[in-house]
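Add chains X and C to chain U, keeping to what the hints say.
Quick mapping for you: the protein sequence lines, in order, are chains U, X and C. Heads up, the final residue of the first sequence is numbered 262 in UniProt numbering, and it's a clean run with no missing numbers. Heads up, the final residue of the second sequence is numbered 209 in UniProt numbering, and it's a clean run with no missing numbers. Heads up, the final residue of the third sequence is numbered 197 in UniProt numbering, and it's a clean run with no missing numbers.
Among the clues, some could well be false.
[As the list claims (entries may be wrong)] Examples of chain U residues toward chain X, derived with CB under 7 Å: (1) Ile-43; (2) Asn-50; (3) His-97; (4) Cys-100; (5) Thr-191; (6) Phe-192; (7) Ala-193; (8) Thr-248; (9) Asn-250.
Derived by calculation from the structure, the hints in this document are not laboratory data. It should be emphasised that the depicted structure is a prediction, and the values quoted were computed from it without experimental measurement. Note that the Cβ used here is the ideal one computed from N, Cα and C, for glycine as well.
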Amino acid sequence: MTSKMAGDTRSHTNPEQDGMTEQQKLQHQLQVFQNSLPKVNQIAFQMLLNEMVPLAVSVENKLINSEIKGTPKRNSSELEEMITNVHITAPLDKPSHKLCQQLYEANDGTREKILERLRSMGNQIGNKLTELLVFSNNPNLVFKDMDLLSVMKFICRDVWKQFYGKQIDNLKTNHRGTFYLLDYEYRPIQTFALDDQSTEEELAMIKPFFEIPVGLIKGVLSSLGYKEEEVVCMASYIDRPTDRPKSTFNKGVSFHVQVNMQ
Amino acid sequence: MAIKAILVINKSGGLVYHRNFSNEESLSSNDYLIIASTLHGAFAIASQLTPRAVQLGEASNAVDYTIPYIPYVGFPRSNANQNEKSRFSSNNVSITTSLGSFKGDDYFKEPFQSWNKSGIRQLCTDQFTMFIYQTMTGLKFIAISTQIPANVNNSDYPIISIQVADNLLRKIYCVYSDYVMKDPFYSMEMPIKSELFDQRVRQMVSNIA
Amino acid sequence: MSNSSSMPAQAKSLKHAGEDIWKNRTEKVNAELFTLTYGAIVSQLCTDYERNFQKVNEQLYSMGYNIGVRLIEDFLARTALPRCENMVSTSEVVSKCAFKIFLNITPQITNWSHEKDAFSLILVENPLSDFVELPMDAMKQLWYSNILCGVLRGALEMVQLDCDVWFISDVLRGDPQTELRIKLNKVLKDEIPIGED
Chain U
1 MTSKMAGDTR SHTNPEQDGM TEQQKLQHQL QVFQNSLPKV NQIAFQMLLN
51 EMVPLAVSVE NKLINSEIKG TPKRNSSELE EMITNVHITA PLDKPSHKLC
101 QQLYEANDGT REKILERLRS MGNQIGNKLT ELLVFSNNPN LVFKDMDLLS
151 VMKFICRDVW KQFYGKQIDN LKTNHRGTFY LLDYEYRPIQ TFALDDQSTE
201 EELAMIKPFF EIPVGLIKGV LSSLGYKEEE VVCMASYIDR PTDRPKSTFN
251 KGVSFHVQVN MQ
Chain X
1 MAIKAILVIN KSGGLVYHRN FSNEESLSSN DYLIIASTLH GAFAIASQLT
51 PRAVQLGEAS NAVDYTIPYI PYVGFPRSNA NQNEKSRFSS NNVSITTSLG
101 SFKGDDYFKE PFQSWNKSGI RQLCTDQFTM FIYQTMTGLK FIAISTQIPA
151 NVNNSDYPII SIQVADNLLR KIYCVYSDYV MKDPFYSMEM PIKSELFDQR
201 VRQMVSNIA
Chain C
1 MSNSSSMPAQ AKSLKHAGED IWKNRTEKVN AELFTLTYGA IVSQLCTDYE
51 RNFQKVNEQL YSMGYNIGVR LIEDFLARTA LPRCENMVST SEVVSKCAFK
101 IFLNITPQIT NWSHEKDAFS LILVENPLSD FVELPMDAMK QLWYSNILCG
151 VLRGALEMVQ LDCDVWFISD VLRGDPQTEL RIKLNKVLKD EIPIGED
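Okay, chain U solo, but in the shape it has when bound (with noise of 0.2 Å):
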């Protein structure tokens, strides 16, 4: 191990390097590390949660409708020859844009149902991220005997690093199970734009990209022993400080944990 870490430094001709403390040089190993992972476009990915919200919608209309009509149950062999024509004729669905505007509109009953299938997406994502961060020998992580706030610095740098490509900006406590992520650049969201509407509007359509976050930060709590029912996870919007650069995105995103323990 030790020797393939000074290999490792030694082919990135870094003049900084003796002078890195040993945390900086673990932080590099790891930099090392991921390079060398397989890897996709970003915006293959960016588009993939782009679409979880409009997805989720779509599901939403499609179980409503199939329980207004009611399906009738099809034999095996009927559905097998239904799927292999498929794709020829899948339907399509309504343009993502109409999907958001339709879970704005939506009342609050079906928003929620929504809602618990992006957090519940946001949570399986969290749990397997988290098996793969913890099999990922990074040397900057020690899972055994991890206290809360260790698993919330997971959450703030690592998580949200792989996931994002940033860290959490802040992060604050009360040391008695409440937190703040504060995240004053919430990557996915830097892009949107909507129509002249209002401002509230505006934040609340967007706010249902931040039920993702919440399921994961869950999801990555619950495979590291925090029971689903002991957390309590919510998003909301924060001013962001002002002597932060300009963002093209005027607030930022809080999200508030709070970890009840018996």
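Then chains X and C, alone, in the frame of chain U:
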């Protein structure tokens, strides 16, 4: 090449974006809508006018639709070095120098083929010059300049400026693909509301002094 | 394949263009992250539709379509490739440029129809489904990577190619290979932007 206006027209001839850069009397939105649809029609007619002879047989092979790459069109003059530096010094590339998801110090770096082969690419009148870049999906990106060739004998002038215009307009297309297409709230074929898009367009145009 | 021998120069430059954009001009994320995010989507759909996999297939397809109609602009702005004269060159662009740039894979082009209007892509690697194993009940019915069909259908439609896109086989279902079929129905001539001819 001082650019006075940028327009984006969708494939049906509808205006989806316009920005006026001159301080002088500005046209009303309705005027712009009319310009857009008129231009869309004129473009189609011009394409019909292109002699068939040019489109067929040997002649068409002879036409070269390649547009040369002109480095850093739409960037600040001293850009090349600056960008390199900022990229290596930190991961937090500020918005002003960031090319969105386009990595590197320019949106593209190679000559490219024009998709616009028989339509209007450049329109010169005594008052203005207009440049049209059309994409394979049918979008038109248009730059209007009030600069006119001062000396018609100086044949260098219009050639270079259309190449600059094509480079600039393809970059605006890049910005469109990045900021407009990746916004799930954008309604296809409809007016562009993205401030980021607008910001980048204004920036690039202002750098073309 | 016959196509690669018939126009080696063009195919080569496409390969080069795809590789250059992937290597030098693309922001990247870990493929595993992409895989597991897509996995979470599929699994959520299976739950929501109570394992009615036909509906899952459809949903993935239409999600892909909505991505494809937008993603095509990114692809064109980045590559500025000229219009393909026929499906043979379309196949080259899809495999060597589109798949390369977005997913860093280059599927093999094969099984041309007699009329050269339909071909298959063999996905030797597939970042959507790396390390995925389907449960028994899904093996027969779920087209796990069906989103790809929708993306291709949407993207091709925007460049006036009306195509059917579907999976013929998938290693996840126990098939020997993952084969995706693209068949041109018609070129939407009326919609080709005036001025291109």
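Structure-based check of all given hints:
Among the interface hints, the one on Ile-43/U holds; its C-beta lies about 6 Å from the nearest C-beta in chain X, closer than the 7 Å criterion. A distance limit of 7 Å between C-beta atoms decides the matter here; for Asn-50/U the minimum to chain X is near 5 Å, and the interface restraint holds. Satisfaction of the interface hint for His-97/U is found here, the shortest Cβ-Cβ separation to chain X being roughly 5 Å, below the 7 Å cut-off. Below 7 Å, beta-carbon pairs count as interface contacts, and Cys-100/U has one with chain X at about 6 Å; its hint therefore holds.
Interface hint status for Thr-191/U: upheld, as the beta-carbon distance to the closest one in chain X is roughly 5 Å, under 7 Å. A least Cβ separation of about 5 Å between Phe-192/U and chain X falls short of the 7 Å threshold, and the interface hint therefore holds. Satisfaction of the interface hint for Ala-193/U is found here, the shortest Cβ-Cβ separation to chain X being roughly 4 Å, below the 7 Å cut-off. The beta carbon of Thr-248/U comes within 5 Å of a beta carbon in chain X, closer than 7 Å, and the hint placing it at the interface holds.
Contact between Asn-250/U and chain X, as hinted, is not supported at the beta carbon level, the nearest pair being about 10 Å apart and thus beyond 7 Å.
Checked against the numbered hints given earlier, this structure breaks only hint 9.
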